[in-house]
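Start from chain U and add chain P according to the hints.
In order, the protein sequence lines correspond to chains U and P.
In the numbering used here, each number is its position in the first sequence, counted from 1, plus 16.
In the numbering used here, each number is its position in the second sequence, counted from 1, plus 6.
Since the hints were derived computationally from the structure, they do not count as laboratory data.
It is possible that some hints are incorrect.
[Said to hold, decoys possible] Covered stretches of chain U (in silico footprint by chain P; criterion: 3 or more residues with CB under 8 Å from a CB of chain P, positions within the stretch not fixed):
(1) 44 to 57
(2) 203 to 212
(3) 292 to 304
All C-beta atoms, glycine included, are put in the ideal place defined by N, C-alpha and C.
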Amino acid sequence: MSKPITDTSANSGTAWFFIKLSLLIFWLGNMAVMLTQVSPAALLPVGFNKLVHLSFLFTTPGKVSIAILLFTLSMLYLLEKSMRYVLIGQFLLSVIIISQHESSGMFHHATVFSPLFAVQAIAYWQSHRNHEFNLAHFRTQYSIQIIAATYTLAGISKLTASGLDWVNSGNYFALQVIKNYSFIYFGEGDKQALSQGYAIAGSMFQHAHLIQLLLAGSLFLELFCFTALISHRVRVLYAIALVAMHTGILIVMGIPFGVIAPVMIIFFLNPLFFIATCAVKVRSFILKSI
Amino acid sequence: MRSFFSATFLGVIYLAASLLIGEQHPFTLVPMYNSFQNYAYSFYLSDSTGTLIPFTRHFDCHNDYLSHIYGSVCDKNNIRHGNQIETDEQLKLIGKSMMEELNKHQRSLLPTGIIQLHRVCYFAQGGSMKENDKMMYEQTNY
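Next comes chain U alone, as it looks inside the complex (with noise of 0.2 Å):
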């Protein structure tokens, strides 16, 4: 029989159980599109691929050797078994499969995952150290600064590449829009996604003043991203504005949910676990009743 939820603050075990097993069905099917999409020759090495050849790890028998790897290790965490190891692994998987990937010339925008599982780490291996240790506090706090920090940096590189003039981009903005669209269009023959670009691009050209209002919120939401650790509410108000801003983009651009957005959900908002929390509450409310 499961164990009942009684704690149900955000940094409970069952909390951060549930944190886990989002992130890890997020993890890992992330990274077996990525496995199965990669081949062992690289277009052009980036990153890791620069330094180290790891070429034989995509060939049948490597990719069948890491998904082997991918689920024990997605076990054990799941577990909280060896976690200082278990971590360390998973970012170094990460770290393999992404560069790969990105070396091939495709780019998931799966980045986050790597610096999760090594700050997680971090946290367990001061915890190690130091048992007077928020451990319960900071495997999630430091996860939570990652997001945070890829937020910020996001806002930041558009300042750096544009300027403030990026608010100002609206028909620029507008041609990307069609561009994603034709993506839609030409890569799977939906005709309707065409249409349905042309129409958004071209009310975006008619309604310039209203764009460059969108993509100033959006900026500024993604600038100062770092006052979502000032306090637990007020992350969860930050996620929703961010869940708002990927809506928008989702239904503007055409451009569906990354990667960090379900992962900012995952750890901002933690929905599995606000899901079994309500579950159980109503549970006691009924057999109260009766």
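Quick look at chain P alone, frame taken from chain U:
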């Protein structure tokens, strides 16, 4: 102040390291959409009559794959690219390499006959959007 430092220091270190090192995994500058160019390229496959061949039905890749490998192939061959500055000869060379890369991900056979690789350039002109379709490369599929 101290508590804010301890609440952010790893994130700040990662941010600073990424800014220093640049786009080298596991560091990143998150460059997606950091600047909007005055043009946008998209790519497609067609038969000799120009009828679209949706490539994700034949190759195991995302629908933005051709766009990504276009940049990688240009970089690898030191070809300056963007806003239709590439010559026909360069486009032919790039197209050949792109098809070779695409073929590594083949899932099902393409139709027999001529297969063309096209580049569409979208650009803004006079407050509206224009587009220019260019056939880069063609090969015969037996």
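Verification of the supplied hints:
1. 44 to 57: holds (count 4)
2. 203 to 212: The restraint on the region 203 to 212 of chain U holds, since 3 of its residues have a Cβ under 8 Å from chain P and three suffice.
3. 292 to 304: violated (count 0)
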